[in-house]
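J.: Spelled out, the chains give:
Number of protein chains: 2
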Amino acid sequence: MDQDRSPPFRRFDDYRWEGVAHLPYKEDATTPFKSVTRQVLFHEPDMGCELRYFEVAPAGYSTLERHEHAHAVLILRGRGDCMVGTEIRHVETNDLVSIPPWAWHQFRATAGEPLGFLCMVNALRDKPRLPTEADRAAMRETPAVAAFLDRTERPA
Amino acid sequence: MDQDRSPPFRRFDDYRWEGVAHLPYKEDATTPFKSVTRQVLFHEPDMGCELRYFEVAPAGYSTLERHEHAHAVLILRGRGDCMVGTEIRHVETNDLVSIPPWAWHQFRATAGEPLGFLCMVNALRDKPRLPTEADRAAMRETPAVAAFLDRTERPA
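Residue numbers (numbering that gives the first Met the number 0), protein chains in the order written: chain S, 0 to 155; chain B, 0 to 155.
Bound conformation, chain S alone (with noise of 0.2 Å):
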């Protein structure tokens, strides 16, 4: 068997996976997130796009980034909230969500449960961009943005 291709069959626990490591979210710890860990489900050598798991541990939340790559995206656990461009929405497990290219996004569990999602990316992709103070000031012109940034940025 190929050394780089994982093997048929891994179970499931508490979601952690046989074999699959359970990583940090970013390697550079001066990125703004919260209580996120990654793993890696599926990183093929003969597939375009991988599978990735984050979660979000309660009151956690991603890095406000965007990038050109896409992201599709499935919850698999839990609850929380979620900004795509200027849409925030309270996301359920299973539902869908698609970032497109550029789009500045976070997720964030608010719902004092983990938020756990499931993240298909390409595996040539370009790194996250994070916002600058112009970027800032530009997606808070729209109140419910602002509204959300606040409740990361400014904790009570």
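Because the hints were derived from the structure by calculation, they are not lab data. Hints may contain errors.
No copy is singled out in the list; a pair is fine if it fits within one copy or between any two copies.
Said to hold, decoys possible - Taking lysine to any residue pairs in the SDA-like style, the calculated list, with each CA pair at most 25 Å apart, reads:
id : residue 1 : residue 2
1  : Lys-25    : Gly-47
2  : Lys-126   : Phe-8
3  : Lys-126   : Glu-49
4  : Lys-126   : Asp-45
5  : Lys-33    : Pro-130
6  : Lys-33    : Phe-8
7  : Lys-126   : Gly-111
8  : Lys-33    : Arg-4
9  : Lys-126   : Pro-44
10 : Lys-33    : Asp-45
11 : Lys-33    : Tyr-14
12 : Lys-33    : Glu-132
13 : Lys-126   : Glu-17
On the provided structure of chain S, position chain B as indicated by the hints.
T.: Structure of chain B alone, referenced to chain S:
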């Protein structure tokens, strides 16, 4: 917004998704399978892969087939049995199945409940091949495979 792109948010309701067509599993009615439906959750213009949801009704099974492209599978609903190459396993919700190129494979809803699974696949891919009589004879040299196939091919 790009008309070919999915909307940012799509709700889940009883293993159907908002705006997602509930399709027959195969367009070719001569292919052997039983009680399977297909929903394409993500087919995005910028992504190298698609994400589909297949659901096999109790006692149903997917086509026994193989192809050059790989499949990356996560069981989303229920339990059942799965063959990959000459290996057969019981699979449950959230287990992972990796189907390498040219491996014979089949999913069977053997537990008296639906077996639903997500399947990530390259957007550009070859067509599945069905087994010849010689292929079936070769598969049957593995006793567990023969027993698995007998349950499908010669129902009591």
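J.: Hints the structure violates: just list their numbers, smallest first.
T.: 7, 8, 10, 13
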